[in-house]
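J.: In case you want the letters, here they are:
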Amino acid sequence: MVTFWLLAPVMVAAALGILFARKAVHAALLLAVVMIGLAILYAVQDAPFLFAVQIIVYTGAILMLFLFVLMLVGVDASDSVVETIKGQRLAATIVGLLFGAVLVLGVAQVTIGATVGLDVANADGNVQGLAQLLFSNYVFAFEATSALLITAAIGAMVLAHRERLTPKQTQADLAAQRMRDYVDHGKHLGPLPSPGVFARHNAVDTPALLPDGTPAETSVSRLLVARGTVRSAPALADDIDELTRSMREEGSVRPGAPGESVPPAEDENDEVK
Amino acid sequence: MDPTPFLALSAILFTIGCIGVLTRRNAIVVFMCVELMLNASNLALVTFSRVHGNLDGQVGAFFVMVVAAAEVVVGLAIIMTIFRTRRSASVDDASLLKY
Amino acid sequence: MSVTSSALILLSEEAHEGTVPVIDPTAADGVLSLLWLIIALPALGAAVILVAGGTRTRAWAHLLGCATVLASFVISLLAFFALLGRDADDRSVSQFLYTWVDAGGFTADMSLLYDPLSAVFLLLITGVGGLIHVYSVGYMAHDERRARFFGYLNLFVAAMLLLVLADNYLGVFLGWEGVGLASYLLIGFWQHKPSAAVAAKKAFVVNRVGDIGMALGTMLAFATFGTTAFAGISAVAGEAEQATLTALGLLFLLAACGKSAQVPLQSWLLDAMEGPTPVSALIHAATMVTAGVYLVVRSNFIYDYTEVAQTAVVIVGVVTLLWGAIIGCAKDDIKKVLAGSTMSQIGYMMLAAGFGPFGYAFAIFHLLAHGFFKANMFLAVGLGPAGYVAGLAHLYAHGFFKAGLFLGAGSVMHAMNDQVDMRHYGALQKAVPVTFLTFSMGYLAIIGFPGFSGFWSKDRIIEAAFGENLVIGLAALVGAGITAFYMTRLMLMTFFGKKRWEEGVHPHESPKIMTVPLIVLAALSVFGGLLVLGDWIVDWLDPVVGVTQHHELAFSPIVYSLIITVVVAVGVAIAWLTVGKSEVPRVAPTNVSFVTRAARADLYGDALNEELLMRPGDRFVTGLIAFDDRGVDGAVDGTGAAFAGMSARFRRLQTGYVRSYALSVLGGSLLVVVALLAVNLT
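Protein chains in written order, with my numbering: chain R, 1 to 273; chain G, 1 to 99; chain W, 1 to 682.
Same shape as in the complex, but just chain R (with noise of 0.2 Å):
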């Protein structure tokens, strides 16, 4: 009963959090407690097999497959918690706190028997008291559920499979485009430019500096420019000379240095020469 009390409150409020958190990701966490929970609660009860799947499918696999999905799917409006059917929340809390009232207060108000214990039942084992039932009783239900399952398979696989709409293209095909955008409109036939290229940083949010000191746009993904975390290029060379002038004032640069440029743009000159 301790771990009960302990257990229930923080599973309420993990609860809670699913319905207020405002991403997704952290929904699935809040859920992953919860159902944590519940396995503690489950082998607390004498269900020691129910606590092993719970903990492996459940928590295991799907919200894996939870988290994975919402890696595909990625972040998007419908996070927001801005309610845009009138009236749904507030309906929707009202009528749930109704339910939940309702069916707190029937719990309580039921007069349940004496508990009998699950020790008889267990006496061979949990495992082996599930598997015969399954195998006996329930054993219609267990091969109904065996042919739901591998139905659901296929159903995920026809309904994640696209449709190719035009013809497959193959490493030949690449090169023979490749070549025809050279011919018709000059463009590089080489690989991109790598980031970071004589700038301060090699990291891959810093533009490569083309000889005459400009910066390369096409050595940084264009994914990092739309979020606007690259770094750009004057503002580089301020950093570059602030740092070579604090440098040379403290005497401890040799000349050559990597990222000595006084002044930048003729150094910059000098290295095209």
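Keep in mind the hints are simulated off the structure, nothing from the lab. A hint or two may mislead.
Claimed, not checked - Coverage of chain W stretches by chain R, computed from C-beta distances (three or more under 8 Å per stretch; other residues unrestricted): (1) 645-659; (2) 663-676.
What the hints assert, rightly or not - Calculated Cβ distances over 10 Å to all of chain R for the following chain W residues: (3) Asp-24; (4) Phe-225; (5) Pro-511.
From the three backbone atoms N, C-alpha and C, an ideal C-beta is built for every residue, glycine too.
Keeping the supplied structure of chain R fixed, place chains G and W upon it in accordance with the hints.
T.: Relative to the frame of chain R, chains G and W by itself:
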């Protein structure tokens, strides 16, 4: 161990799941809330299994898990398909079937 | 008192056992087995002409039409002679053709009944009909739709023959409707004239009223007797209840009123003159309008048992004969004068046919007298049969002279470029001598000039009327005087006096094909009376209508004949004084007496119909329409609108949002849980 607190916890979790389904718009979160409701009912099943002293309740919970797993697989696939065509995972966006 | 009256009724029923004949036909053989051909030939002609269409049959349709009817006439004549050759008691022949209706307890055979009554009708229809067909060849020569006209004429003849040959009321009904249809088609033959189309519709609608009587009578007869065959009904008619028989008699009288243009269903006949003149002659003078008389005479086994119905027949007859005569006095349209005359003469026939009721009193008297004055049994007898015969004789004569008159009128109109207003005639005797002579024969016959057929037949009716009731006799006598007046007026305005022709009209005698039928009919008008002379027709009809015995009159028949002749002479003289002596204005004078105005307006028959039937009907229908629009439609539309409005509101619940629906589901679950708890915890 008195079973009533377990049942009450089950009811509370179920209700929270309900409200979640009704208020959240992200289809995946809605799905999580459905899972929460299923789990809450599982807790009740396991509790009653202990009250009655046989394992039928646990078998029932086991079946619920299996069916939930199948449901999640298909449901998430459907969500993926909808997202692929509509670029949205909001359950409110799929509201063409109306007056 | 009641005992005495019931005893009297009992006695009267016994008294009738010998007088009302039972129809008990034998199977047809020899020439008589050709009976069905009489109907089939015109029917075939009609079918060929109407199915093949007017343009394809134009060249020979009129020949086919005449040939079929004349062939029917020949067969009728042969059958007539075959019937003559039989014993008087053996002159009822039936021919079974096929079972027409066989539904559960109801069976109606298509069989023909040929007896002396049918025989004279057959000769009349095929004979006069044939002559009119021949006449029509000339009359309709310039009508481009002549083929169709002959198709309709043949259809009419076939239906009329079926009417008089059928051996049950259902068969009669078939013919009855057939002649109604043909009459409609023929009155409206020139349907490009709105007046003709309206007249046809009017005739059809008014006839429907009578047809309801016919249909209900047939149904009642079946319900009462279990059969519609004359033979079956006549055998058991005496055992039926008095009320039922009266109802039957009144229903068939209603039918007869419709078909024979008797008051109160008389209004259509005058308008029916819009049809071509041969149609007026054939249908609205010679044959179809006599169907009512035929029905009454044929149903003698009903009327002989019901006093009320017979009285009704007499009243209808008297009213109509005066009504028609008065209208005939004021009309300027030659055909309408003749139409009024037709009504009047058929009134005479109905009057005669209705003399049955007084026969009861005479029969009782006869029964009482029987034991005491055996030798005086001729003093008082049933007059019903005598009346039937007189009516039929008049009908027969009428068929001849009225057909002759109408054809003559057609001939006159033909000469005068289809002008019908008598005020534009005058002095035609020189221009159209043959027509004049034949018309004169018809004229003399209708006014009852001694020696002519009308004299013999009408004389009998008036005598019988006096024998029954002084008032009726006087009415019939006055009718004869008025008849003489208006017919003389017609003659004077048409053939004598000064020319009042329209400009450009050059009267000419009609072609031979039109005058020959006129001459034949004129001859029959003259000599037709011979049929009655020597009581030949009385004896001839004995097997059908019962043994006829001459009734005792206050004076000898000669006195009556003299009185009638004097009255007729007075009528002629008045006409001569008012019309012949003075100039006839070309335009009808307007400052005339009330009686004249009333007569010109058909004695306000149409106005009466309009006020009593049409206006209330209009109002009733308007009310119904309003009720339908507001009440019924309102309820229905209102219900629909209510549901539509509710739907428009409720459909707002269908937001398309899954979460809204889920909320509803949760609400439902809440209710279920609460209900479960409420049930379990209390």
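J.: With a Cβ-Cβ cutoff of 8 Å, does the stretch 645-659 of chain W contain at least three residues near chain R?
T.: The restraint on the stretch 645-659 of chain W holds, since 3 of its residues have a Cβ under 8 Å from chain R and three suffice.
J.: Between the stretch 663-676 of chain W and chain R, see if three or more residues pass the 8 Å beta-carbon test, and mark the coverage as holds or violated.
T.: Holds, because 7 residues of the stretch 663-676 of chain W bring their Cβ atoms closer than 8 Å to Cβ atoms of chain R.
J.: For Phe-225/W, is the shortest CB-to-CB distance to chain R above 10 Å, so the non-interface label stands?
T.: holds, 77 Å
J.: Just want to verify: Pro-511/W was marked as not at the interface with chain R; is every Cβ pair farther apart than 10 Å?
T.: holds, 93 Å
J.: Taking the shortest Cβ-to-Cβ distance between Asp-24/W and chain R, state whether it exceeds 10 Å.
T.: holds, 88 Å
In terms of the numbered hints stated before, the structure departs from none.
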